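These protein sequences, in sequence, are chains A, B, C and D. According to this note's numbering, the first sequence holds residues 213 to 640 in order. According to this note's numbering, the second sequence holds residues 213 to 640 in order. According to this note's numbering, the third sequence holds residues 213 to 640 in order. According to this note's numbering, the fourth sequence holds residues 213 to 640 in order.
Since the hints were made in silico from the structure, they are not lab data. Just so we're clear, the structure is a prediction, and the values are computed from it rather than from any experiment. Mixed in with the good hints, there may be bad ones.
Copies of the same chain look alike in the list, so a pair counts if it fits in one copy or across any two.
[Stated by the list, open to error] Think about it this way: if two alpha-carbon atoms lie no more than 25 Å apart in a straight line, the pair counts; the simulated SDA-like pairs of lysine to any residue are:
hint, residue 1, residue 2
1, LYS439, ARG345
2, LYS494, GLY464
3, LYS613, HIS503
4, LYS613, GLU395
5, LYS613, LEU489
6, LYS439, ALA459
7, LYS439, LEU586
8, LYS613, GLU398
9, LYS439, ASP265
10, LYS439, LEU527
11, LYS494, GLU428
There are 4 protein chains.
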Amino acid sequence: MNKADKAEKAEKARKGHRPDRASTASTASTVIELQGHIIDSLILPRVWGAIEDAGAHFHVQEMRVGQSELEESYVRLEVSAESEARLADLMGELQRIGATPFVERDAQLEPAPRDGVLPDDFYSTANLPTSVRIDGAWVEVARIEMDVAIVVDRERGVARACPMHTVRAGEMVVVGYEGVRIEPLERPRQREAFGFMQSAVSSERAKSLAIADVAEAMRDCRARGGKTLFVLGPAIVHTAARQYVAALIRRGYIQVIFGGNAIIAHDVEAAMFGTSLGIDLKTGQGVEHGHRNHLRAINTVRATGSLEEAHRRGLLGDGIIAAALEHGVEVVLAGSIRDAGPMPGVITDSVQAQGRMREACQGVEVCVLAASMLHAIATTNMLPAAVKCVVVDINPAVVTKLADRGAALAMGLVTDVELFLRELDAAL
Amino acid sequence: MNKADKAEKAEKARKGHRPDRASTASTASTVIELQGHIIDSLILPRVWGAIEDAGAHFHVQEMRVGQSELEESYVRLEVSAESEARLADLMGELQRIGATPFVERDAQLEPAPRDGVLPDDFYSTANLPTSVRIDGAWVEVARIEMDVAIVVDRERGVARACPMHTVRAGEMVVVGYEGVRIEPLERPRQREAFGFMQSAVSSERAKSLAIADVAEAMRDCRARGGKTLFVLGPAIVHTAARQYVAALIRRGYIQVIFGGNAIIAHDVEAAMFGTSLGIDLKTGQGVEHGHRNHLRAINTVRATGSLEEAHRRGLLGDGIIAAALEHGVEVVLAGSIRDAGPMPGVITDSVQAQGRMREACQGVEVCVLAASMLHAIATTNMLPAAVKCVVVDINPAVVTKLADRGAALAMGLVTDVELFLRELDAAL
Amino acid sequence: MNKADKAEKAEKARKGHRPDRASTASTASTVIELQGHIIDSLILPRVWGAIEDAGAHFHVQEMRVGQSELEESYVRLEVSAESEARLADLMGELQRIGATPFVERDAQLEPAPRDGVLPDDFYSTANLPTSVRIDGAWVEVARIEMDVAIVVDRERGVARACPMHTVRAGEMVVVGYEGVRIEPLERPRQREAFGFMQSAVSSERAKSLAIADVAEAMRDCRARGGKTLFVLGPAIVHTAARQYVAALIRRGYIQVIFGGNAIIAHDVEAAMFGTSLGIDLKTGQGVEHGHRNHLRAINTVRATGSLEEAHRRGLLGDGIIAAALEHGVEVVLAGSIRDAGPMPGVITDSVQAQGRMREACQGVEVCVLAASMLHAIATTNMLPAAVKCVVVDINPAVVTKLADRGAALAMGLVTDVELFLRELDAAL
Amino acid sequence: MNKADKAEKAEKARKGHRPDRASTASTASTVIELQGHIIDSLILPRVWGAIEDAGAHFHVQEMRVGQSELEESYVRLEVSAESEARLADLMGELQRIGATPFVERDAQLEPAPRDGVLPDDFYSTANLPTSVRIDGAWVEVARIEMDVAIVVDRERGVARACPMHTVRAGEMVVVGYEGVRIEPLERPRQREAFGFMQSAVSSERAKSLAIADVAEAMRDCRARGGKTLFVLGPAIVHTAARQYVAALIRRGYIQVIFGGNAIIAHDVEAAMFGTSLGIDLKTGQGVEHGHRNHLRAINTVRATGSLEEAHRRGLLGDGIIAAALEHGVEVVLAGSIRDAGPMPGVITDSVQAQGRMREACQGVEVCVLAASMLHAIATTNMLPAAVKCVVVDINPAVVTKLADRGAALAMGLVTDVELFLRELDAAL
C-alpha cells in the first residue's frame, strides 16, 4: 500500500464508513484523564476499547506521549454516551482500568439503609490501590479488595473496603463514580517472573526456571519479615507431598495456611495410618473403598476435642498440621458441604470463615495456591492485586480461572503439585 | 498350547510357582458366602481380587454356579489372614462388595462415647441396601448413605444410618463386621441406559440417544409421582440455559433443587438486568469487569429481606427461582466461602446445609447433576446407590469424579450443559 | 494521589529508578512508522512492549493521535538496539505486529542455494496481507500464509509465499527485513461475532448466540459464492452427527472438506454396518473391541479400488463422503501414522497432502474446524488471517491452541460437536 | 434378607422375570472353554457379560473352580445365538477375551483377492499371544499386534500377523473364528507396579513411587540386554527436559526412539539457538512469534543434507539427536501434515513410517510414551500386550486414551513430563 493509498484509506475512515456511529446522539458527557505508562501498560487502549464497545464516543482534549520507554504519557479525553445512566456504567468500568475524572469532586456518599444492605448505586471496588476524596482531601481506602463497597468515616477522614454483609445501617457508602481514584498496575519495563496481566499459562514451559523464581520471591519475603500464604488442596497429601510443606513451615517460609476439612483430615490420616483415602503412601497401593481410615482419623481427633489436644497427645505425627501448630503458623480451615466430620477447628459457617480469612490476608506478600479450587478462588477474591500469586494445578482450567482472577502479578503453573513442592523445597 | 501343555501349566500353578504366598502364616480366619449373579456382576472376582491384594488367602468350601445367564450362583469361602486386625479390615471391604459372614451373629454394638464421636471400631457403611442383625432378626438400615455409621435402637428394633457429627452420647453404634448384610447391585441382564458400574464416560458418544434415555427416566419418575432432583451450577445461567430449567419446573419434572449462592444470584441478575456476570445474555457481549450487576442483584434482594418477598415484588422475573417458588419446588441453597453477599435464603453453615440436603434427598429417584462440582459431590455422597444419577459437565474430570462416586446407576455425559438442557426440554 | 504526588512519581520515573536500562549502549538503530487505529488495535502498545522486552529502546520522532474513535493515528519511532543482529531480530517481530521501516528500500534478495533450502537470513512471513518493494514498486505477496519465505520474480514483478521445501535452487528469496510491509488487522469499531485477537474461549457462554453468528457467516459466504471449508475429526461420526454434515453439503454450505483416514473410514462403517468403532449408532451400545467393522469397511472399499467406485456400487449410503461425491465437494484426505488401511483416496505422503490442502485453501472465506486436532493445526497453519475461523471442540486446550494460531478472526467454541452441528444445521 | 427370602428371589430369577430373554430362539451354537485364573483375571465374568450384552445365551457344561487363589479353574460353556452370523461376531469377541472353541479344528484359510485386500471374513487379531491350528498343529503367530490379519504359510507351517495393506494377492489369510487360540494375560497374584487392565489413572497419586517402579523396569531391561523404546513429543524440548533424555541415552537406557518432525526440529533449535519455538530455555522468556529460529534450524540442517552430516559439522550440540547418533540408538522420525520443513531424516509417507516403526518395535520390552499423542497412539497400536508401557502426559484424556489402548501392562501417569524425566534420570 503506498502513501497515497494510505491517505485515501484514512480519509475514508474519517468520512463515511461508520455512519451508524455518527448517528448516535450523545446527551451525557464527562472528562477523564490518564497518566503514566498508559500505552504499554495497555491502559489507553483498554479505555478506548471499552468506550467503543459501549457504543460511546471520545474526543482527545490533550495528549502528551512519552518520547521513550522511560517517559510517562498523559491523556485527557471527553467521553460522551447516550444517557447519564450509560455514562455512569461506562465510567465505573473506565475507572477500574485506570481513568480518573478530570474535575475533582468529593465522593458522593449515601447511608446504608439496613445492616448488610448497601445503597442502590454503591461504588464497587477493584483490588488496586484506591483513594476517595473526602472534604477535598484524597484518602486511601484501607483493606482494599475486589468487588466490595467503600465505607467512609468523614469525621475521622478514613475509608475502608467493606463487604456487603458487613455494612451497618447508617454507615456512609460511596455511590456513583466521582471522587474515586485507582492506581493501575503498570507494565514492568522488563520481563519479570510474575507476569503483568499474563493470564496465559502453559504446561509446555520449563517449570524448573519458574520454580526458581517462586523460591526467590519466598526467600525475599522471609528476609523482609513478610508473610507468605499457602492455600492447600487435599491432593498434596494424596500425592505424598505433605512432607515438603511441613519442611517449608519448619524453615520459616510459610506464615499462613488456608485449607479445608479434607487437607487436614488427610494429613492426620497419613500421620495415624500412613494412608491417604486408604492409599498406602509408602507403596501407592490401596483398597477399593478407602474412606474408613479417613473417617477414623477425624473421629479420633473429635474424641480428643481439638487438633491442639490431639497434637499434645502425639496423634498428629510430623505432618503439615503438626508443623503448623509447633511453629505458630496461622491456620484457617474453612468447611464446605462435602465435608465428612468435620475435623475440630474447621469453621463451618462460610461467612465467619471468610472473615477469618480476610483478617489473615492482611500483610500477605506472596501467595501460593496449590492444588486447591474452592479455597483458592475464595482467597484470590480477597487479595490485593499487588500480592504475588503462584497458582499451581495440573488442570489448566483451574490455573486459568485463578490466574485471571484479580491478581495482577500472577504466575500460573500447570504442573504436578507433588513434583512442584519437591522442587520448591529443594530450591529453597 | 495343547492340552498336555495346559495340564502341565495348571500343575505348576498348583505346586510351586508362588512360594512367597505359601509361606505367609494365617492365624485368623472366617467364612463368608456370596449369592446371586456374582460372576457377571463382578462380585466374586472382586472378592477374590481384594483377598489377593490384601495378601490374604481363601479356600472354597462350597460352590454352585448358575448353568446359564438366568441362574444364580452360590459360593462359600473360608478367608484367612495373618491377624485378626487384618482380617477385620479385609472383611469390611468384602462386605461392601457383597460378601456376608456365613455364621449369622448379631451385630456388635458400642455406645458413642460423646456427642459427635463414634466408637473407635465403628462400622462404616456402603450406600447399598444394608441390614443389621439385632436380637436374631435382620433389620433394614434406614436412610442408608455412603461412609456413615449405623445407630441401632434395640428396644424399637430399628437401625438408621448416622453421620458422625449427629450421633449422641450413649447411642448404640454398630462396630466390627458381624451381623451386617449388604445387598449388592447386580448387573442387568441386558444393556441399560444407566450403566452398571460404568464409570467410563466419553464425549465421543451420541448424546442425543443418551438424552432420550434421561428424558424417559424423568418421565417415568413423574408418572410414578417420584422425585427428581436437579443440582445446578452457575454455568447454567451464564450459558443462557435457565429458561430450560424453568420450563422443566413448570412442567412438573423437577421436585427438588440444590444449588449455591452463585446460581441464584445469576438467575436474579438475569431477571433484573438481562446479564450474567455482566455478559448480556441476548448478545453475548460483556464488560471487562461484570460483577457489578451481580452484586446489585444480591443487594436488591437483601433489601427486600428474602427471595419470597423479592418475588412478591416482581423482581425475580420468570427464571429458575421464580418458577421454583411458584411450583412449590424444594430449594436448598448451600453457601460456600467464595460467595459474595450472600443471597437471602442461602444456608451459610455447611453442617446445617448438609442436614437440609439429607432431608430433601429422601425419596429422590432420579438426580441430574448439571455443571456443578462442589454441590454435586456433596449430593452424591448422600444418595443411595439405586438413585439414577446423570452427571453432565463439559469437563471430563468432573464427570469421572462424580460418576465414580458411589452411584451405581450413573450415566456420565461429557457435554455442553446449555445444549444438553435444550435437548432435554425438547425431548420431554 | 494528588497532582503533586503524581508529578513527583513521574519525575522519579524519568530519573533514577531504571538505571539498568540507561546503561545499555545502543549501537544500531532504525526508524519505523505505524499508521491506522494503532492504539485500540493494540499495535502501538505491542510494538512498545516488544521493544522493551527485547531490552532495546525507542524514541518518538513524530506522533499524531486520532482525536476520536473514528480517526487514525500515526507514529514514527527510532528504535535502537545493542547490535545489528539484535535489531534485525527485533525488526522481524515489529513488522509482524504492523510496523514498517520509515525509509523505503527495495527488499533484499538472495538466491536459494539448493532445492528445498532457503538462504540463511530468509524473511519469515506472517499470515497478514504483505507487500514487498521490488524495483521501487510495492507488490503484494500472493498466497500468503504463516511462517514461510517470499520468492520474488523480478522480471515479472511478482512475489509469492513459498514453503521451504518447495523453493528451487536459484529462486530469489527475500532476506532481512527491509522492503516488506504488512497490513495489520484492525480492531473493529464495534463488537463482532468473530473476535479480534480474542483467544479467550469459554464453555460458559451462551453457544446458541454464537452458533447463530456462525450460521450467518456461512449464509453470507454461500450467497457471495464464496468457499466454506470444514475440517472434520472422527468424533463427528462417533457422536452420530454425520447426518448434519451431509445435510449441510447437500444444501450447498460446504465446498471443501479436509479430514483423515478415520473420519472417512467411520463414515463408511456407519453406512455399511450402522456402527462407529463398533458402537451401534442407533442404540449407543457397543462391543468390547469394536475395530472389526471399521477394518471391514476399509477392506471393502479397498476391494472396489476407490471411494468413487464404492459409491457407484451403492456401498457408501448417504453419509458425508457420499454427499461430498454427489455434490462436487473437494475432499482432501491426509493420512497419518496411526491409520489402519488406509482407505483408498487417503494421501499417505504428508508433503504431498500439504500441497493439496494449500491448493484447496485458496479462496476459502469461512473455515469450521470441528473436533479435529492434527488436521486442524495443519489447516490453520495455511490460512490467511482474514479467514473467519470457527474452532469447535469439547477440549478447551484444543480450542485455545487453534484459536491462538494465526487466525485473527477466530471464534473458539468449547462445546459438544454433535450438538453444535445439530444446532448449526437447524439455524441455517 | 433371610435364607427363605434369598431362595425365593433365586427361584423368581429362575422362572419368570426375564421373559424377553426366554423368547429369543437360538438357532446357532458352539462350545467354548476357558482355563486358568479366569475368575480374578475377569475372563469368565467378561465372557458371560459379552454373551449377555449380545443377547445370546450360555449353558455351563462343565466347571471346575480353583479352591484357592493358587489354583486354576476350568469352564466349558455352550454358547447359542439367534444366527450363525451373530454367533461368529460374538465368537470373535469371546476369543479376544480368552475363550477357545472346545472342538479343535484347523483354522479356515482363504486367499487374499488382491494386493492390500483381505478376504471379507478375515480374522482380526488381539495383541495377545495367539496360535493358529494348521494341519492339526498349533503354531504361534509371529509379530502379533492389534487389529491385523493372520497370514499362514502352510508349507512352512508358519503364521504371521499381517497389516491389511501388506498382504499380497493369493496369500492365505485366516477367516472365521475356528482354529485360533489366544492366551489371555492373567491378573498377577499380588499388586504390581504395572497394573493389570488398570486404565484408571490419576494425578492424585504419589508419582515418586511410580517413577521408582519405572526406573526399576528400565534397569531390569538394560541388565537383560532388552530394548527400551521412548516415544517423544515436542513438549520435552519446550520444557527444557531434553538433557534428561540425552543423559538416559548416554547411560544406555534407551535403544529406540520414535518421534516426529517437531521434537527433532526443537532439539536442533535448542542446540543452535538455545531456544524452543523462540522461548529462551535459560530464561523462559520469548518473543511473540517465535517460529523463526525453528525454521532456521530446519533450514540449516537441510542445507547440510542430513542429520548425520549436520552432526559431523558440530551443529547438533549435545541434545537428544546428537546423543542418539553417537550411541547407535535407532531413531524413527515419522512426519505429519502439520510439519514445517521437514527435517532431513523424517519419513513423510505414513505407510512407510509405520513399516519402519513396526520393525523397530520387535524386541521392545519397556515403552515410555512421553508427552506424545499422534506418535504414541501409532505405537500402542503396534505393541504386543506384554510390553510394559508407561504413558506420561499432563492431560488426563491423553493418558486414559493411551493406557486403554491395548497395552495390558500399562502405567498411566498424569504428570509433568519435565519433572517426570528429571526424577527418572535421578532415580536411575
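We went through each hint and held it up to the structure:
In this assembly of identical chains, the alpha carbons of LYS439 and ARG345 never lie at most 25 Å apart, being 31 Å within a copy and 57 Å across copies at closest. In this assembly of identical chains, LYS494 and GLY464 lie within 25 Å of each other by CA distance neither inside one copy nor across copies; the values are 27 Å within and 29 Å between. In the homo-oligomer, the alpha carbons of LYS613 and HIS503 lie at most 25 Å apart only across protomers (15 Å), although the nearest pairing inside one protomer, at 30 Å, exceeds that limit. Taking the closest pair of Cα atoms, LYS613 and GLU395 come within 25 Å of each other only inside a single copy of the chain (24 Å); across copies the shortest separation is 34 Å, beyond that limit.
Proximity of LYS613 to LEU489 under the C-alpha cut-off of 25 Å is restricted to the inter-copy arrangement: shortest distance 14 Å between copies versus 27 Å within a copy. Taking CA atoms no more than 25 Å apart as the test, LYS439 paired with ALA459 passes inside one copy only; the shortest distance there is 17 Å, against 40 Å between copies. Taking the shortest alpha-carbon separations for LYS439 and LEU586, only the intra-copy value of 22 Å comes in at or below 25 Å, while the best inter-copy value is 30 Å. For the identical chains of this complex, LYS613 and GLU398 are intra-copy neighbours only, at 22 Å inside a copy versus 28 Å across copies, given an alpha-carbon limit of 25 Å.
In this assembly of identical chains, the alpha carbons of LYS439 and ASP265 never lie at most 25 Å apart, being 40 Å within a copy and 30 Å across copies at closest. In this homomeric assembly, LYS439 and LEU527 never come within 25 Å of each other (Cα to Cα): the closest approach is 28 Å inside a single copy and 45 Å across copies. With identical chains, the CA atoms of LYS494 and GLU428 are at most 25 Å apart between copies only, with a shortest distance of 16 Å across copies and 31 Å within one.
The structure shown violates the earlier hints numbered 1, 2, 9 and 10.
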